[in-house]
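K.L.:
Given next are the chains, with one letter for each unit.
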Amino acid sequence: MKTPLRFALLGFVLGTALATVPALADPLTIRIGYPGVGADNRPFASGDIVAVAHAGHYVEDEFAQDPDIKIEWTFFRGAGPALNESLAAGHLDFAAGLGDLPSIVGRANGLKTRFILTDKVRDTIYLAVRPNSGIKRVEDLADHRLSEFKGTNLQLAADKILAAHGLSERNARFINLDTGSALAALTAGQIDGTFGSIELLGLRDRGIVELPYNTKAEAVNFGRHSAFFVTEAFDQAHPALVQRVVDAFVKAARFGADEANRSAVFDLWAKAGYPPQAFAEDFENERLANRLSPLIDAYVIARYRDQAAHVRQYGLIRNDIDVDGWFEPKYLDAALKAQNLENFWPKYDAEGHKVTIGAVEQTQSAAR
Amino acid sequence: MSEIAVVMAARSVWRPVLMSLVAPALLIVLWQAIVATHLVAPYILPSPATVLARFQNELDGGTFWGDVAASLSRALGGFALGAPAGLAFGLLLGLSRLAGRLFGPIFLAYRQIALFAWVPLLSLWFGGGEAGKLAFIAISAFAPATVNTWRAAATIPAPYRELSRALIFGRLDHLRLIALPSALPGILTGLRSALIHAWLATVGAELFLDIAPGLGGRLNEGRDKFEVDLMIVALTALAVLGLGFSQLAAAAERRSIRWSRR
Amino acid sequence: MSRHATAFLVPALLFGLWWASASEGWLPQQLLPAPMAVWDALADTAASGDLWADLLISLQRVGEGFALGALAGLVFGGAIGLSRTLRTLLNPLFLLLAQIPPLAWIPLVILAVGIDEAMKVTVIAWASFVPVVLGVAQGIRDVPARLRELGRALTFGPWDLVSRIVFPAAVPAIFTGLREGLANAWQTLVAAELFASSEGLGYLISLGRQLFQLDLVLAMVVVLGIVGLAVNGALALVERRLLRWQTIAP
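Residue numbers (the working numbering), protein chains in the order written: chain D, 1205 to 1572; chain U, 3 to 264; chain G, 84 to 333.
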């Protein structure tokens, strides 16, 4: 009786030890992470270059002839913070569309990445409030209950909007909720308002919220920014692959920024579960290229320096970070050159004034 | 005479069964009444019929069985990681007075910390994917296994110890022939407790970490989409599985004890 | 070496390793922040007043929820313990519902009562309720038959029987149930605050996670450990005092 028991215990221990040995993978998997999910948690993005690339299979097409290379996308409901955790644990090679706050926080805490492409700049933030809350302006938010997704670039944008209107996180009660929970809480009337983007337009159409404020008319630096990062480890190991991935994204950016493709782009984004009309409204009187530019120009660099200072000022990070050493434009430059796109996008200076004209500004959308 | 006995026997068997169904039945009636009179907002409480239909839906098609399988495999995987470690640690603490004095206090201090406080730490260390979930489930199984094994190994009855001394058993023999068999019931209780804790932690892991197949994920999904019928289906599945787990674990423990006594 | 000294040996060793790892850089700072960083995080939240405010709110929530759940548990447990009819009627449903971890109820409770205090108190109350019921029922079951017979021989009425025989004999099991209920309540509090909160210890921990501030998370883990020790210690003291007059049933 004793011997079978001993063998059973031994087998038990051995079995568990074996179970923890990771499977050795022969094909190389390129692991791309995106900080967000579509409607109903579906694994799709919208509103930026990455969304075009993912929905349009640009990266998969680039590597279609390489049987040894697989592309794996992961969409994080927990947005930037959850993506950062995955990065820190070594589960990702690329962070696609990571927002400014989480990327800055990650860098401040020792995550080693290279900023190789911009994904989106200057997007619009909306304030959504319950219809009978009496909130007509940002100043009215004092003493109300709002949700804020801590650690995401939405938090930073929201903080700046509040600061510009004389409020801070201490004036209103901020509850940490992810996007899905925030929408549910709004619908159930458990919070008075939240900041967000196009996912709020659908709620407004259903009469659940009003949108008394958005950043369209404000100074340019209220918008959010997101960018495309590669881990230093992957960069050192596979620079050629990094270049090809960047090539694919630049192709996607070329498609997405062209006004002639306007409705096609909205249809691609609609895979995230939002109707194309929502994107049309979000981009009303705004050219696609205004947000979808992969360039790392003086404007982007200045914005990130600026955001880093704000993040430090709001106490969200404890030490200063070196922003300048972060950017690695060589892959982007090579891709632009190879695809003859060096003058496609306009370049902006640090204050946001256009310095050079881009060919994309000549493109016209079909129906007007 | 025997007919009366049969009737009485049947009554005594059926009566408790029927009575235990009264409360759930009343609950469903109350539920239907609340729905019919629109006492609460429709999105908070769907009718029993809706929930039943959802059950049907999920069991036939959908990802339900995949979710159950995912949750179960996570629970068992985390258990397989944490319980043996707890067992080994508990044996160490129980069999060696020195080890007990050295490592015991810090283990007891560790136990003071609420289990869920470890979720953010583990997700920062292992990411929010499978690794993080398994890590959380493993540590939830660790403590119960340790505690029970420690107690069992530390309280080997004096007669057994004397026997070991009389027969001049070496360390290994003492372990094999005296300590382990005597501690076995406690060890099995520890494993049973660890299994139940692992199952409870699985739901927590799925609710707090990244989206993946699993019953916790369905709960979140139901909440986001205001599909209370889905949430009730998920909760019922949890209840039934939980019941199954504890019954299974208890039965296994009973059998092992009986087997070990032979 | 005295018993108390050995207790600190391993913790001191671990702390030394931690300190060395931080200063020598064995592990990156995002995996294991330096002890000083954790101390700073702790000091910062204490100095800004956030720590005390959040601690108070967490304790308040546990207090309210536990009081509610324990009271209800004593009543319900007593009812099903003493009445076989009630037990047969209610026990199966109760046991089935008790299988569901309290945490799993949170999404549903949020839909019903919102994300505020009501949600937390409700879930904590349920988490306390279950072990207390089980403890009371067990305690009543454990009352030796001889004592019950004694009561009947002394022609005690039902009230006397319960208050002078059953209840005192059941106290140890009841107390175990209360103890477990409090532990459950505390666990559930942290989980509920991680879910949706704007204040509380759990909120601070989840904020630390969102902002990748491992030192803040670790600082809060330490605080939880200390609070847990204090609460358990207090409860153990009360238990010892209460049971001092209890004689072990032969």
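Since the hints were derived computationally from the structure, they do not count as laboratory data.
Fair warning: there could be bad hints in the mix.
[Claimed, not checked] Not everything, but these chain D residues come out facing chain G in the computed CB check (under 8 Å):
(1) G1355
(2) L1371
(3) N1375
(4) R1377
(5) F1378
(6) I1379
(7) L1381
(8) S1385
(9) H1442
(10) A1444
(11) L1445
(12) V1527
We put the beta carbon where it would ideally sit given N, CA and C, even for glycine.
K.L.:
Would you mind marking each hint as holding or not holding in the structure?
P.N.:
Checked hints:
1. Below 8 Å, beta-carbon pairs count as interface contacts, and G1355 of chain D has one with chain G at about 3 Å; its hint therefore holds.
2. Interface hint at L1371 of chain D: violated, since its Cβ lies 16 Å from the closest Cβ of chain G, which is beyond the 8 Å cut-off.
3. With 8 Å as the threshold, the beta carbon of N1375 of chain D stays out of range of chain G, its nearest partner Cβ sitting at about 13 Å, so the hint is violated.
4. Given hint, R1377 of chain D at the interface with chain G, holds; its Cβ is 5 Å from that chain's nearest Cβ, closer than 8 Å.
5. Because the closest C-beta pair between F1378 of chain D and chain G is about 6 Å apart, less than 8 Å, the hint holds.
6. Checking I1379 of chain D against chain G: minimum C-beta separation of about 4 Å stays under 8 Å; hint holds.
7. Against a cut-off of 8 Å between C-beta atoms, the interface hint on L1381 of chain D holds, since the closest Cβ of chain G lies about 6 Å away.
8. Because the smallest distance between the Cβ of S1385 of chain D and any Cβ of chain G comes to about 7 Å, under 8 Å, the interface hint for this residue holds.
9. Here the hint on H1442 of chain D is broken, as its CB sits about 22 Å from the closest CB of chain G, past 8 Å.
10. The interface hint given for A1444 of chain D is violated, since its Cβ lies 27 Å from the closest Cβ of chain G, which is over the 8 Å cut-off.
11. Annotation: L1445 of chain D was flagged as interfacial toward chain G, and the flag is violated, the nearest CB pair being 25 Å apart, outside 8 Å.
12. For V1527 of chain D, the shortest C-beta to C-beta distance to chain G is roughly 17 Å, which exceeds 8 Å, and the interface hint is violated.
Checked against the numbered hints above, the structure violates hints 2, 3, 9, 10, 11, 12; every other hint is satisfied.
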